[in-house]
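Under full-length UniProt numbering, the first residue of the sequence shown carries the number 1, and numbering increases by one thereafter.
Read the hints as simulated data drawn from the structure, not as lab findings.
Any given hint might turn out to be false.
With a straight-line Cα cutoff of 27 Å, these simulated DSSO-like cross-link-like pairs (lysine-lysine) come out [claimed, not checked]:
no., residue 1, residue 2
1, K142, K59
2, K159, K103
3, K59, K40
4, K40, K103
5, K217, K159
Label-pair restraints from in silico Cβ distances [stated by the list, open to error]:
no., residue 1, residue 2, range
6, E71, G204, 18 to 26 Å
7, N9, G172, 25 to 33 Å
8, Q216, F90, 28 to 36 Å
9, E208, N24, 19 to 27 Å
Virtual Cβ for every residue (Gly too), placed ideally from N, Cα, C.
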Amino acid sequence: MINAVKSVNFEVNTGEIVALIGANGAGKSTILRTISGLVKPSQGSITYGDHDLLKLVPKKIVETGISHVPEGRHVFKGLTVKENLELGAFLRNDKEGILEDAKAVYQRFPILEERKNQDAATLSGGEQQMLAMGRALMSKPKLLLLDEPSMGLAPIFIKEIFNIIVDIQKQGTTVLLIEQNAKMALTIANRGYVLETGEIVLSGTGAELLESDDVQKAYLGG
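Assemble the whole structure, with the sequences as input and the hints as a guide.
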């Protein structure tokens, strides 16, 4: 058994965008999967507010206000865009609130409203990413975990996705962002951490890390 992550210690404060950057295999996705309860660590602790997340199953973790947009989007094929969004609200009972939040998602992502009756599998990569983010927002998260939201997207979609992440933060949602596009991630992040082979080797504000010689050489082509 290989430990993908070891002795990682970091924090995310309310209202921040925090970026985790690092090469493939550094352990970034494992961290998000552990926070959302999909992976159980052999030791350590994860605290969110008053909650010990290691004592909770994934459904209960969602109930605390955490929502996870996984790497690769993972929209539900065979279901429409509308049905995918409705699944994001599966823990909610407020029908009127769900309808209002669906309207808000369609306002943020107009292309989804145009295609709300299409099978989610027929959307482009960028549209599927928007759907995955919209689905996560339907649970009204306080903390949004984003795993490689720009992966495989055309440059025009990448810029749009990052603008949306900033907008989500401005509307009160805290964001923990994993992203291989280190420059874009650090440009929008309040703070960031650099992960190498399962350990944090550098931290600072987004601006500080952008100026770091080590970060420029390793991740920014400097």
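Which hint numbers doesn't this structure obey? 4 and 8
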